[in-house]
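Can you make the complete structure from the sequences, with help from the hints?
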Amino acid sequence: MRRSSPGGRPAVSLAQALAWRFERHFLRGGAGSAAEVVRRLSAVPAVSGDADLAIRSRLADPVAGAVAAALASGELISTYAFRGATHLLAAEDASAFMAVRGASAQWARPSWQRYYDLGPDDWTALLETARAVVADGPVARSDFLEAITVQPRFEHLREALWDRSHTLLKPLAWQGAICFGPTIDGQSSYASPASSPRWQGLPDVDAAGRRAVRLYLAGYGPATKDHLSYWLVAGLSAGRRRLDRWIDDLAGEIAEVSVDGRPALHLREHVEALGRVEVAPEELALLPGYDQWVLGPGTADDHVVPAEHRPAITRGANLLLRGGRVAGTWRIGPDGLGVSWFPREARGAPADLEAAGRRLLGLLGREPTTPITELPGTG
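Residue 0 is where the sequence shown starts when you use numbering that gives the first Met the number 0, and the numbers rise one by one after that.
Hints in this document: simulated from the structure, not taken from any laboratory.
Here are the computed lysine to aspartate or glutamate pairs in the EDC-like style, where the Cα-Cα straight-line distance is at most 16 angstroms:
| # | residue 1 | residue 2 |
| --- | --- | --- |
| 1 | K224 | D248 |
| 2 | K224 | D243 |
| 3 | K169 | E127 |
| 4 | K224 | D247 |
| 5 | K224 | D300 |
| 6 | K224 | E255 |
Pairwise CB distance ranges (calculated):
| # | residue 1 | residue 2 | range |
| --- | --- | --- | --- |
| 7 | S47 | D334 | 24 to 30 angstroms |
| 8 | T123 | V149 | 15 to 21 angstroms |
| 9 | R240 | S47 | 26 to 32 angstroms |
Quick caveat: nothing in here was measured; it's all calculated off a predicted structure. Idealized CB from N, CA, C, for every residue including glycine.
Set out below in structure tokens:
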């Protein structure tokens with residue numbers, strides 16, 4: 000590590016920063032459990048992409064069923080999280096992220112109350128009703144919604160609760176009343192997050208925010224304030240002001256570093272290790288679309304996703320990483336595994352691509368002899 004930048008900050012290259020993150024994402028040497036992976040990544044999309052492949056790609060022993068077992072044991076929970084999408088979260092961290100998502104208290108806004116015809120007392124009653132419905136175990140989605148709307152006080156919410164946007168249901172999750180349970184009779188279900196022995200209950204919002212910042216930097220540092228804002232508070236009322244306060248509160252735990260001259264934040268306890276990380280510019284990884292490698296910093300981060308290829312990655316193209324940068328895509332078809340390098344991106348060594356491809360095929364349960372083909376470049 001260059002000990003200082005012109006601003007007096009420890010200085011590293013972008014290649015070092017991405018190599019550090021590569022290690023932290025368990026892409027060099029696997030994690031011991033599915034919960035360990037999810038905790039390091041802050042979250043893993045539960046519906047978009049391939050959560051099982053994303054997690055098993057990072058396990059030292061990627062046994063089938065590892066994710067399902069972690070959900071069944073309560074190590075992981077599935078719930079509405081970042082930007083309202085459904086994510087897998089480590090149960091011990093979920094309450095902090097829920098508190099951050101609910102910090103805007105949208106249910107208390109006059110516009111919300113008028114739209115849903117729910118006053119403050121009605122919202123409190125709805126919250127307690129939802130908790131009571133799932134208190135004894137998971138309840139199929141249709142039964143859950145019926146148990147609420149059968150009550151005269153909430154009968155007018157039938158259409159809103161069944162709406163495919165789930166807008167009215169999400170704040171129930173953010174206030175710790177519900178999360179997703181197992182599939183019941185072919186449909187999703189709701190359960191109580193308190194059914195997990197690792198659920199810790201909702202903390203104070205500022206305590207939750209500080210914890211969320213630490214967790215993000217542990218997986219995605221060095222990161223800018225814009226990265227933190229995008230992941231934690233985008234779209235939340237007064238979100239950036241809260242984030243700035245949380246970062247200020249953590250001044251003793253967060254250091255400012257320079258990444259190719261750009262200021263970024265990093266946990267102080269990790270600064271020395273960041274400077275010692277091994278840079279391997281040809282290091283390859285094959286990951287599913289919507290992987291946290293690109294969603295955590297955001298697909299607009301052109302240090303990770305080339306700007307001209309952002310549309311494909313945002314739509315969920317499978318990821319070929321070279322040195323931490325998205326350098327192409329891959330697909331599985333009848334003829335085997337096809338890999339497409341982006342034009343103007345340096346290609347990895349054939350032997351490295353073969354090794355990465357064979358590992359992916361093993362995770363997908365394909366025959367060891369499945370062909371791996373380099374296809375014409377993408378767009």
